[in-house]
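Chains as they are written, first to last, in the working numbering: chain A, 244 to 451; chain B, 244 to 451.
Derived by calculation from the structure, the hints in this document are not laboratory data.
Check the hints yourself; a few may be wrong.
Straight-line alpha carbon distances no greater than 27 Å define the calculated DSS-like cross-link-like pairs of lysine-lysine that follow [stated by the list, open to error]:
| no. | chain 1 | residue 1 | chain 2 | residue 2 |
| --- | --- | --- | --- | --- |
| 1 | B | 359 | A | 436 |
| 2 | B | 337 | B | 359 |
| 3 | B | 358 | B | 321 |
| 4 | A | 281 | A | 359 |
| 5 | A | 281 | B | 321 |
| 6 | A | 337 | A | 321 |
Just so we're clear, the structure is a prediction, and the values are computed from it rather than from any experiment.
There are 2 protein chains.
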Amino acid sequence: MDIALLLYDDMAPLDAVGPYEVLRNVPGWEVRTVAPRKGEVRSENRSLGLVADHALAEITNPDIVLLPGGWGSRTLMKDEEMLDWVREVDRSTKWTTSVCTGSLILGGAGLLEGKKATSNWLVLDTLADLGAEPVGGRFVEDGKIVTAAGVTAGIDMALHLVAREAGPEVAQAIQLGIEYDPDPPFDSGSPEKAAPEIVELVRAAARG
Amino acid sequence: MDIALLLYDDMAPLDAVGPYEVLRNVPGWEVRTVAPRKGEVRSENRSLGLVADHALAEITNPDIVLLPGGWGSRTLMKDEEMLDWVREVDRSTKWTTSVCTGSLILGGAGLLEGKKATSNWLVLDTLADLGAEPVGGRFVEDGKIVTAAGVTAGIDMALHLVAREAGPEVAQAIQLGIEYDPDPPFDSGSPEKAAPEIVELVRAAARG
Numbered sequence: 244m245d246i247a248l249l250l251y252d253d254m255a256p257l258d259a260v261g262p263y264e265v266l267r268n269v270p271g272w273e274v275r276t277v278a279p280r281k282g283e284v285r286s287e288n289r290s291l292g293l294v295a296d297h298a299l300a301e302i303t304n305p306d307i308v309l310l311p312g313g314w315g316s317r318t319l320m321k322d323e324e325m326l327d328w329v330r331e332v333d334r335s336t337k338w339t340t341s342v343c344t345g346s347l348i349l350g351g352a353g354l355l356e357g358k359k360a361t362s363n364w365l366v367l368d369t370l371a372d373l374g375a376e377p378v379g380g381r382f383v384e385d386g387k388i389v390t391a392a393g394v395t396a397g398i399d400m401a402l403h404l405v406a407r408e409a410g411p412e413v414a415q416a417i418q419l420g421i422e423y424d425p426d427p428p429f430d431s432g433s434p435e436k437a438a439p440e441i442v443e444l445v446r447a448a449a450r451g
Numbered sequence: 244m245d246i247a248l249l250l251y252d253d254m255a256p257l258d259a260v261g262p263y264e265v266l267r268n269v270p271g272w273e274v275r276t277v278a279p280r281k282g283e284v285r286s287e288n289r290s291l292g293l294v295a296d297h298a299l300a301e302i303t304n305p306d307i308v309l310l311p312g313g314w315g316s317r318t319l320m321k322d323e324e325m326l327d328w329v330r331e332v333d334r335s336t337k338w339t340t341s342v343c344t345g346s347l348i349l350g351g352a353g354l355l356e357g358k359k360a361t362s363n364w365l366v367l368d369t370l371a372d373l374g375a376e377p378v379g380g381r382f383v384e385d386g387k388i389v390t391a392a393g394v395t396a397g398i399d400m401a402l403h404l405v406a407r408e409a410g411p412e413v414a415q416a417i418q419l420g421i422e423y424d425p426d427p428p429f430d431s432g433s434p435e436k437a438a439p440e441i442v443e444l445v446r447a448a449a450r451g
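Construct all of the structure, not just a fragment, from the sequences and the given hints.
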């Protein structure tokens, strides 16, 4: 299985690196990083650099494409070179996937038209504007399109993909390998569970 | 709060990027990446590059130091330049922390002598050899030393640190921001919960 992992400026690194740590551990699977321009990209607040080993033109037919989210997705969802590439690789992928606001890029490319999909809870309305039917949950599979909710949901989605393609035993072994037995000190990980004032705090921060 | 995030060759990127995504989102906190040599480091299987913006000598008194794990920790736990740096920054840190086998570097530096600590479940015996008292759980706080269990446990530990330093509301807002409402498709994230044949599979893979 050949996986193309998109990296870009102003991304949220965990959106990519969570699934990366799951997918790279499947025997025989290969993850390759790709970006609009080969070389270093910087995270949302510039404090972390990641390296894209390939430019878009170098990756033509991955089995899985994964689009992470982050502020930069607002730019890429209108970038024709990016959208052309997403449409092109989607023609031959087995799975076309996104994490968090990476789904906006899928939507910008017209690939969510009439599809059930999810994203960061703050942008579900935008997803609807792009023709998708927004639904809840950690990830949503509709045909070969799999979209994950915000940031850490990419880990759950990646384990699901591994189970689908390599079997539940491999997925369980990888879950144990990354000791994914989560125990957050608070129960504040979704807008339904967080206190209203916390939800408002995050909404306000997202407005900038 | 000034955070030094160690990067190195043959690391497990999620060990660093999980906590990074939590800590970088605290208002006023700054994360700086540091490695034995400034520039690109590659993950365990070489498929992901991350960029260290600073060499060890450039980072002298962070408030928090975080040491991620990965195969490369076996080398670094015996690397005198590395261990000298860890002992040096520990003199003035408020928190000295590790994720997964990053604790072996702390142990190599002599900082776990007589301390309760944790690590990847596969190396708890090694931790004891280094003078620590290995205990279970997602993370262990003993004085200013906080050690997390394998890979994803770093996210839980980082939320704990944020709660301690910036208060529970900030930690909860960040948990919501990264939608950390985990729902793994299997319950296989610890050796106590995984099926015995899965545990054996992971043990065998770790033996190489």
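We went through each hint and held it up to the structure:
Our distance criterion of 27 Å between C-alpha atoms is broken by residue 359(B) and residue 436(A), whose separation comes to about 33 Å. Restraint check: the Cα-Cα separation between residue 337(B) and residue 359(B) comes to about 18 Å, which is no more than 27 Å; the hinted pair holds. Using a Cα cut-off of 27 Å, the hinted pair residue 358(B) and residue 321(B) holds, with the two alpha carbons roughly 20 Å apart. Proposed proximity of residue 281(A) and residue 359(A) is contradicted: the alpha carbons are some 32 Å apart, above 27 Å.
Between residue 281(A) and residue 321(B), the direct Cα distance comes to roughly 35 Å. Violation of the 27 Å bound is thereby established for this hinted pair. With a C-alpha separation of about 25 Å, the suggested pair residue 337(A) and residue 321(A) falls inside the 27 Å cut-off, and the hint holds.
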